[in-house]
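S.K.: So the sequence lines, in the order shown, correspond to chains A and B. Going by my numbering, the first sequence opens with residue 959, and the numbers climb by one from there. Going by my numbering, the second sequence opens with residue 33, and the numbers climb by one from there.
Careful: at least some of the hints might be erroneous.
Listed next, the in silico SDA-like pairs over lysine to any residue satisfying Cα-Cα at most 25 Å (straight line) [what the hints assert, rightly or not]:
1) B:K564 to A:N1161
2) B:K548 to B:A491
3) B:K34 to B:T87
4) B:K248 to A:H1192
5) B:K525 to A:H1012
6) A:K1204 to A:R1116
Worth flagging that the hints you see were computed from the coordinates, not collected in a lab.
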Amino acid sequence: MNSSMKQVMVVGGGVSGLSAAVDLARLGIAVELVENSGSLGGHAAQLSCKATDHCVSCGACVVEEKIRQATGDANIRVHLNSSVVNNNSNDVNRRKRFDVTLKQDQEMQHIEVDAVLIASGFAPFHPANKPYGYGRFENVMTTLELDLMLRKSGAVKRPSDAAFPRNMAFIQCVGSRDSSLGHLWCSKICCGAALRMASCIQNRQPGMKSTFFYIDIQNFGKNFQTDYADMHRHILIRSIPADVLKTADDRLKLSYFDPDTQAYQESIFDMVILSVGLTPSVSTRNLAAMLNIDMYGFAYARKTPIPLPAGVFAAGAALEPMSIAESVLSAGKAASDIFHYMKTS
Amino acid sequence: MKERTLLLGNGPVASGIAKALLSGYAVVADTLVADTRVSATSASAIPVMLVTQDTVASVVMGDTSPLFEVQTETRISHCTGSAGDFQVILSNPFGSTPQTFTNIVIAEDGIQRPLFSLYGLSASPTVLSLSEFRHILDSPPVSKHALSAGKTAVFIVGLAVESHPHLVEAVMESCLKLQTELGMKTMILTRNLKVGASGLEALYRQTREAGVVYFKFSDTLPTFQQDADGKVRIAFVDDITRMPFTAEADITVVDEAIDPSPYLKDLSRIFCIDTDSYGYIQSDNVHRLSVFTNRKGIMAAGASRGMLSPSTWQAEVQETAITLLSLTKGKLTTPGNKAEIHAGACVRCLTCFRLCPYHAITLNTRPVVITDACERCGMCAAECPAKAIRIEDLRVQAISELLRPIPCRDNNDSFIPFLVAFCCSRSAGRAKELAILSGLSLPERLSIIEVPCSGSISAEYLLAAFRHQADGVLVLTCHEGNCHSERGNILAKRRTAHLKLMLKQIGIDPNRLLLKTLASNMAAEFAETTSKFEKQIAEAGPLRIARQG
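Using the sequences plus the hints, can you model the full thing?
M.R.: Take a look at the structure:
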């Protein structure tokens, strides 16, 4: 990194932030990569590989490659356990500069940059207020928790008794497409994530049956039509369950309106997985406030995001729900926008 | 060589890329609009030649500039060389001309195919494809006789085949316009309503409030009867109430499938690019994100890359532009030793030429490695029947030097096997690193040899491991479909299977050789696989081979 280089602060060390940092560094722009947790990778680094006997292009492994590239690049300086606590922008010789205060543990540090990229990602919807027993029944988990379990232990077992589940229910659209929450957006990635996950578990733990409760199956990935044909090995029920209760023998009872029989049905499962949606993260909201951007995170329900002030850019799931592949692309666009801004400002 | 990019295509993505290059790689955000005029505005403009099969180029220059050339009615007939120096033959009705380019971008448009026949319908003034209908709706005055208040328009989207958010958006916007501006009644027949794109769930709510009626089907489908009066009579069982319904459409709008241009098939052959299962010119491999192909210096964007939404095209244009810049700056060159062909030993069997996934081997009087294009996968060296190819640090001797047996920690009597694991550095190598970081326990006497690609793991490597006192040997590759070199893992699998047969013949238990596929984030599985293997080999006991002299 040399002093004559233009500098960008990238906030967020997930797929988008890492990807943009790598792209910017290649273009000869110095990057201050700010991550509030103790490690790089964001949500993607908590996901498990969904391969069956072949890769299903979920993209989770992409982040490992990006971490490797970012940490090995001399133009990228990584600040872990750090958050942005203050920002003053000023014009020095008609050139906009951001004077940023970073807090790392208890220490404050000042950095000066020419542009800021918001890549602070999403927050998974917290389903405690949904009638699905999350937080009360151990065997009700979110998709992200299931991913982490599979990633850490290589197997899916019931948290309550460490038994292999014989059947699982996936409830889609938890916190998405929900007008009672004001969440007028489809989170895009959950159908693909849940279906790939179910096939992956079935491949590792033969005999495990999955049932999907859904509204509409959304497109995912490049090979959607092929994957769509494959999903019919699971049971698909077009209905969103009313509630989840625990049975006397520690299983889970779902009640739902069954469109086939036109009646309420009850089904028993060993585990219930909630496909929680994406919501704007707290860091995005805080940054938006600091940079005087109104309601920025709520671009989630819009077609076009709110225009940003000069020198401020955004990428990835901070903008709207995005898959890993889309985040990589979004980061490339942001890097190109920043490159153009640096050339012209 | 002076930089010049060959751009294939004639639509918005091609025009966007032309603009980006002519402005010196800097794209003004969101320029991907109907305006296809380009001008060489920047001093750092990159010359572009746009080549299209069409008779008229829709991408035209705003001003005359020698930096922008257009060739219409022209196809690519041949290509040799590599990134930085592609020699391409252009053919048109007047003849063929050779040209040289530093990079190539493929941005051919897709083809929209109306799905009338899937519903037993045929095109008529009142039965229209979605594109035709959008065209009528967008061209003033819109109040065509069929589009008047009180009439009913029925839209079919994603019924026979799954649809796409981009098409669903067009349908919802059309319905909204018909309902609110023209006082028509609209109905949407679909299976899975694709709202997975910016603002579509909100738009869906808006259409519902405006009175658009939706029927969603799961396992039954409506039947259509097209009458001579232009009306279509529709009968179906409603999915929610299970009641029979009939409807009469004054206007019926049928959705379309988006197919890759058939030209992509030729381009894939000429440029040696792997396609996906639909025929798009980018394989379904996460290492190609976002606009890469298996060929360095050849990129794919827009509807050449996949059936993706035009809403990402602007991003793809910009990503292509910065990727070209990084390429030009040499930032995407793979460091390290590259493949070398020993001319004296080469028998010109062309195995390497046919095998190289990056097309980094060219033919002069004999095969020659294009050093910059070589990605060090080692497939050529491992497969060469004459053993005429080597990558310095991947020679069997170099690998053998890494194969020092690990001594036992203490002198207890139990047998602890010495294991050698050959790991693909992109997948298993990273999984190993994560396993160590996560504090997972690994076999005590495990020697790990990382190679750039499992495609380089030859039978000689595996035999060398056994010769260096390994009691068991692991080959850990990436999953099928995830190999950066497309087929390295498949070759490794084939070789391992073959060597197992040979081991059996020479009296070694073939179970002492194991191949597993792992992803870079599978730390737990790395630990589990190696530990399980250790246990298995410990039970089998030490390998005793009669070694000569």
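S.K.: Hints first: check each against the structure and report whether it holds.
M.R.: Results for each hint:
Pair hint B:K564 plus A:N1161 holds up; C-alpha atoms about 19 Å apart against a cutoff of 25 Å. A C-alpha spacing of about 16 Å is found between B:K548 and B:A491, which places the hinted pair at or below 25 Å, so the restraint holds. A threshold of 25 Å between alpha carbons decides the hint, and for B:K34 with B:T87 the separation of about 29 Å lies outside it, so the pair is violated. Note on B:K248 and A:H1192: the hinted pairing holds, with a Cα-Cα distance of about 20 Å set against a maximum of 25 Å.
The suggested pairing of B:K525 with A:H1012 holds, with an alpha-carbon distance near 13 Å, which does not exceed 25 Å. Only pairs whose Cα atoms come within 25 Å are accepted, and A:K1204 paired with A:R1116 is accepted, the gap being roughly 14 Å.
When each numbered hint is compared with the structure, a violation occurs for hint 3 only.
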